[in-house]
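Visitor: If you want the building blocks of each chain, they are given just below.
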Amino acid sequence: MIARAAREIAPGMVVNLGIGLPTKVVDYLAPDFPVCLHTENGLTGIGPTLGSDKADRNLIDAGGAYVSTIPGSAFFDSATSFALVRSGRLDLTMLGAFEVAQNGDLANWKIPGKFSPGAGGGIELAQKAHRVVVLSTHTDRKGNPKLLTSCNLPLTAKSCVDRIFTDMAVMDITSEGFALCEIASGVPLKDVISATGAPLALPAGEIPVF
Amino acid sequence: MILPDKTTAMETAINKISDGASVMLGGFGVPGTPFAMIRELVRQGLKDLTIIKNDANETGMGVDHLLANGQVAKLITTHIGLNPRAIAMLNAGEIEVEFCAQGILAERIRAGGAGLKAIVTDIAMDTELAHGKPCVEIDGVRGLLETALRADVALVHAERADVFGNLGYVATARNFNPMMSMAADMVIAEAETVLALGELPPDHVHTPGPFVDFVVELGDLGEEYAVVRR
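Same order as they appear, the protein sequences are chains F and H.
Read in order, the letters of the first sequence are residues 1229 to 1438 in the working numbering.
Read in order, the letters of the second sequence are residues 294 to 523 in the working numbering.
It should be emphasised that the hints constitute simulated quantities derived from the structure, not laboratory data.
Mixed in with the good hints there might be a few duds.
[Unchecked claim] With a Cα cut of at most 25 Å, we get these calculated DSS-like pairs of lysine-lysine: (1) K1342(F) x K367(H); (2) K1386(F) x K1342(F); (3) K1282(F) x K1252(F); (4) K1370(F) x K1342(F); (5) K426(H) x K340(H); (6) K367(H) x K1386(F).
[To be verified] Example chain H residues on the side facing chain F (calculated, C-beta under 7 Å, incomplete): (7) T300; (8) M303; (9) A464; (10) F504; (11) A519.
Computed from a predicted structure; not experimentally measured.
For every residue, glycine included, the Cβ atom is placed at its ideal position computed from N, Cα and C.
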C-alpha cells in the first residue's frame, strides 16, 4: 500500500506527506528521484530521517521525526510555509483519515469528547493542495468502515479527496462516489465491498491488483 | 550613536508578567520552544494564563508543566495530539481550547504584529471552526473574517541575539517565533548566544531589535532542548 502510494508522486512535484502512514512513503522513493518534499514546520527539501544519535535537535518534520537537509533545502517561518500551501504551490499532499465520504469530504481532526488532537496544518493542506490523497486503513480498529456515504465526525475540509489508498484497495472519488481502481493482492472483492460503508463502483473488466 | 542594551535576568523579565495575561510561546514541538522561560513561568506560579502556541508539547515538557500546574485557563492552538494531558483537560472542561488552522494562526499573529485588524480567508469555511465568525464577500467570493491576534506577552526562543534584541533563528526552530516576536505588547527573547553589538551581521537578522523588549541569555541548555529519545 505504501509502495503503491509512492507511485503517485511524479517527478518535479512539490509534495507534503502528512503525519502517520504518509510519512513512510518517502522510504519508497529512489534517492535520485527529483521531488521537493515540504514540511509545514518550515522546510523544503527534506532529507533522510536520522536516528537520535545523529539527529540535529533543531531539525524535525511536522510529525516530530528528526530529518536532515539535502543540497537545495530551505528553512522558513510558519507564515511563509502556509503561504506556499494556500497560494497553490503544493502539487500533492498525502493525509491520514478518520473518515472519508463518497463526495470527498475528509474528517481527520476531532472525535468529539474523546480524542481531539486538532487539525494542525491539515485543513490548509486538504483545501489547497492540487491533489489530495488519503492513506488509511480501510476500517477502524473495531472493523467499522471509514469510507462512508457521509462523514459523521467534524470535517477537516469538504470535497477535497481525490484518491484513497487502503490496505485493501485503491479508490478514486468521482462524481458518482467511490470507484474501485485496484485491489490489494489476495483480498477478495466481496471483502472490500463489505468493508466499505458506501456504494463502490467497479471497473469494467478485470480489476488490477497491487 | 549606540543601540541600547536590553539584556535582563530571566527572573526580572518574567516577573513583569501578570496573572491572567495572554502569552504567546514560540516553537513547533521542541525546536524553538522557550523551555527555560516556561520553567520560570511555572516557578513564579502565574495563574489564569491564555497560552497561544502551535502545540502543547509532550508529556513532561514545556506547556505540559503549565497544564500540570493548573496555570492555563485557555489554549489557542492548532494541534495537541502529542499531549494526552491537554486532551484529557479539554475533555474534562478544565481548560478552554480554541483550535485554529495552523497557517491561519500564523497569519492572525502576523496581522497582529503588522498593525492590522483582521484577515479574510476561505480556509476552514466549511468546518465547525467557521462557527460564529463573520463572512465577507470579496470579488463575489465568500471568505471568513479572522481577527488579528496580539498578546500581552510573547516569549520567543532565538539561537542568537545581540544585546539590542536583533534575533536569528536556526533550522526548523524558526516556525512561529518571528511572527510572535512582532505581535505582543511585551516581547522577551531567550537566546542561546547573546552577542555584542556588531557581532550579528545585519543580513543575518530575522527579527529586528525594535520589536524586542528584553533579551535573556541562556546558560547551559537543559534536557528539554535536547534530542528527544523515543
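Visitor: Look at each hint and say if it fits the structure.
Guide: Going through the hints against the structure:
no.	hint	verdict
1	K1342(F) x K367(H)	holds, 19 Å
2	K1386(F) x K1342(F)	holds, 23 Å
3	K1282(F) x K1252(F)	holds, 19 Å
4	K1370(F) x K1342(F)	holds, 16 Å
5	K426(H) x K340(H)	violated, 29 Å
6	K367(H) x K1386(F)	violated, 28 Å
7	T300	violated, 23 Å
8	M303	violated, 21 Å
9	A464	holds, 4 Å
10	F504	violated, 14 Å
11	A519	holds, 6 Å
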